[in-house]
Amino acid sequence: MTQAVIELRNVSKRFGETLAVVDNNLSVNAGEFLSILGPSGCGKTTSLRMMAGFEQPTEGEVYIQGTNVTGVPAYRRPVNMVFQHYALFPHLSVADNVTYGLRQRSPKPPSAELARAADEALGMVRLSGLGRRRTYELSGGQQQRVALARALINRPAVLLLDEPLAALDRKLRAEMQFELQNLQRDVGVTFLLVTHDQEEALSMSDRVCVMREGRIVQIGSPRELYDRPNSRYVADFVGKSNFFAGPSAGTVTSVRPEMIELAPTEKKLPQGLATAVPAKVLNRIFVGDFTQYRLASDRLGEFLVVSPRRNERDVGTFEIGDQVAAGWRGDAAQVLADN
Amino acid sequence: MRIYASLIYIFLYAPIALIVALSFNAGKQSMVWTGFSVEWYGKAFSNPLITEALGTSVMIALATAVLSAIFGTMAALGLERTKGWLRIVFDALIYIAIMVPGIVIGISSLITFVTIFDVVNPALEALFNLRLRMGMWSVIATHVLFNIAVVALMVRARLQGMDRSLVEASEDLYATPMGTFRQVVLPLLAPSILAGALLAFTFSFEDFIIAFFVAGPDVTLPIYVFSAIRRGVTPEINAIGTVVLLTSLLLLLIAQWILQRGNKQA
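Chains as they are written, first to last, in this note's numbering: chain D, 1 to 339; chain U, 340 to 605.
Take these hints with a grain of salt, some might be off.
Covered by chain D, according to a simulated footprint, are these stretches of chain U (three or more residues, beta-carbon under 8 Å) [as the list claims (entries may be wrong)]:
id: 1; stretch: 493-507
id: 2; stretch: 521-527
Facing chain U, according to a computed beta carbon distance under 10 Å, are these residues of chain D, among others [stated by the list, open to error]:
id: 3; residue: Gly53
id: 4; residue: Ala74
id: 5; residue: Asn80
id: 6; residue: Phe83
id: 7; residue: His85
id: 8; residue: Tyr86
id: 9; residue: Pro90
id: 10; residue: Leu92
id: 11; residue: Arg103
id: 12; residue: Asn154
Simulated from the structure, these hints should not be mistaken for lab results. The C-beta atom is built at its ideal place from N, Cα and C for all residues, glycine as well.
So that you can see chain D by itself, here it is in the shape it has in the complex (with noise of 0.2 Å):
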């Protein structure tokens, strides 16, 4: 049994009429790097607000490392924040911004500490030489870095990162991606990231947590939300599926659209498929490794179907208004609530 370093305890935020966080329990394990995924509004950045110490929950407890900090001010938590436009303060140097929290402690530590404190931080996310510069002089990868040193130079309990990938762009992302797993296998803190991207949760975390209107829905491995989702709600969130009537009412049967296979007949679809009916292909988008298409039948209406670059060598290709045959194996399809 790891100890939780971070816990939501039956929380409940409430702005004014509306509640943003509804009866939350959630507990962070030490050293895991943990995901909250929702969309917009869904409640996660006021979760990790109040983890931080921003807001204070209406009813319930947070607990840091077994203590309840439920009413503690955020600068008497320790825990530290990676702001989504990284708040670098623009009238000090970079140096100067990372050592930030250290030159809060009482008494001040010589600068000669501050200085090699700087320096190792910085080394920390390769931005070795930099400290004299101001912040606003740096690129916006390079900003989000420092943002980083700031907050891990102060060995927190828990890294809080609110959407700390959403303001760069595609290509910087991918790297920044690797670069955040690395650095929290390297420093062993725990990071617990907000994020609206399915991608960047899935690709990154220990554990994700889905969040749906102030209420968390599923949490687990992006391999258990992937594979066993348990609504169509999360099925829908994490990833792509196709939902079509399910045996009784209120529920709904998912197939992802890469476990369904596509040939130009039914007789020429694998044996052993649960289902398998006859289609016309409605879209075709190519991507490079995979063709994605869209496909219309009587009996099930449309859906989409993932096909792989190595199948096409022995399906083929199809074209817009070509007849085909599609189907999926038993244990593709899952029944799963409707909501």
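Following the hints, put chain U in place on chain D, whose structure we already have.
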């Protein structure tokens, strides 16, 4: 169109240029050019009446700048946290304080001072043998009154452009609210506070109308110039005018420069 605009500029600035030019006139007659000289600057600055008036004006302007900067910043910070109708009322009051003509401020301040003196002086005289009179301090008080609004307006603009998350970042990094104010809020507001203080200095230094009403027996530089002009414009006056003009211009330019530099940083 271009000619039209040029004419307007000539109309606006020709008299000022003329004063600057004539301040270097060698002759005794202020309006007839006889040769270049800086002797009138020397004469002006060795005239004890002028240097004393200059000293009074600088003292008043300095005190106004410092006090307006302090109170104006406090007002701006307070307003930032005020919500609803109270904020609207105070916002309106700030604009009113800036827009009210100097003569109205002058007269109403005069009436206020006189009324207060009538009430307070008998008691003060009986108790401490003291009498309140108008002078430098009443000019300072009145100047601070409308310059608070100037500073508050400038600091407000800066506060509204400031990223809230900077304050949160500071608190997140263990700085107490006081520490955050000292290390983040104040340095970020500094350019606007300084620019506001310089503007307040300029407005106070060149003010004639308000000082005319509330200065009592004290003589500021604009008041001296006004009374001297009644005896005729001398090159000495032109020299003083040029010095005042250049000081104001310089301070305004510095204020503008500080503001722009600050905006680039934020």
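Ascending list of hint numbers which this structure does not respect: none
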